[in-house]
Amino acid sequence: MKILIPIIFFIFCLLFSSSSSSQTSMFEFCVANYTAPYSPEGYSCKSPEKVTIDDFVFSGLNLPSNTNNLAKTGFRTVFVSDLAGLNGQGLSLARVDYKAGGVVPIHTHAGASETLLVLEGNLTVGFISSDNTVFLKTLNPGDGIVFPQGLLHFHVNQGNASAVAIVNYNSPNPTFQYVALSLFSSDLASRLVTAITFINPSEVRRLKALLGGSG
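Be aware that the sequence shown starts at 1, since it is given in the working numbering, and climbs by one per residue.
Treat the hints with caution; some may be incorrect.
Claimed, not checked - BS3-like mimics (lysine-lysine), calculated; alpha carbons at most 30 Å apart, straight line:
#1 72 with 208
#2 208 with 99
#3 72 with 99
#4 137 with 72
#5 99 with 137
Don't read these hints as lab results, they were simulated from the structure.
Please model the entire structure based on the sequences and the hints provided.
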């Protein structure tokens, strides 16, 4: 099984990759020039004569990420800001580590779909469609799932042991919007949070205090 997992992961990444951006459609690659500002089209291209193999190689996904936080979960990302060769390629990935009871709270990616492959442990994962249908599954090592673009989704480690997964995105710089953080880590007035969520004021204040919000 240890031999099969890297093979499965490699195939998984290939199947998940999307079409190249306009920058790379004219060139074989467009390695990010970090000295230039980032734009919706990505970074401008580094001069080809300055490109090396190291621009395309990332090390560290064998190392666990920090899970000492409220969610008991940590990410080790390989986004375009971490690996210049991802610029214009339309994909990225991350390692996710979960303590027992760890969660990736319900969230969405406005501009990216996501795939998840379980390497260790068991994860309960799901997403909710726009008609409020819940799609839920417990995944074992070697199992994977696709989270459609823009839909609310989550990961939960309900087991008694730690878990590890690899996630892939069809964006080199995916955005994350966590519902709880948007409501309770922001300065949106508590009375408005109560009005739009029907959560009682005392609970809104408690959650804002827990997550660092104001208002």
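Cross-check of the supplied hints:
1. 72 with 208: Since the Cα atoms of residue 72 and residue 208 sit roughly 19 Å apart, the hinted pair holds (cutoff 30 Å).
2. 208 with 99: holds, 24 Å
3. 72 with 99: Holds: residue 72 and residue 99 sit about 5 Å apart, inside 30 Å.
4. 137 with 72: holds, 21 Å
5. 99 with 137: Roughly 19 Å separates the two Cα atoms, so the pair holds.
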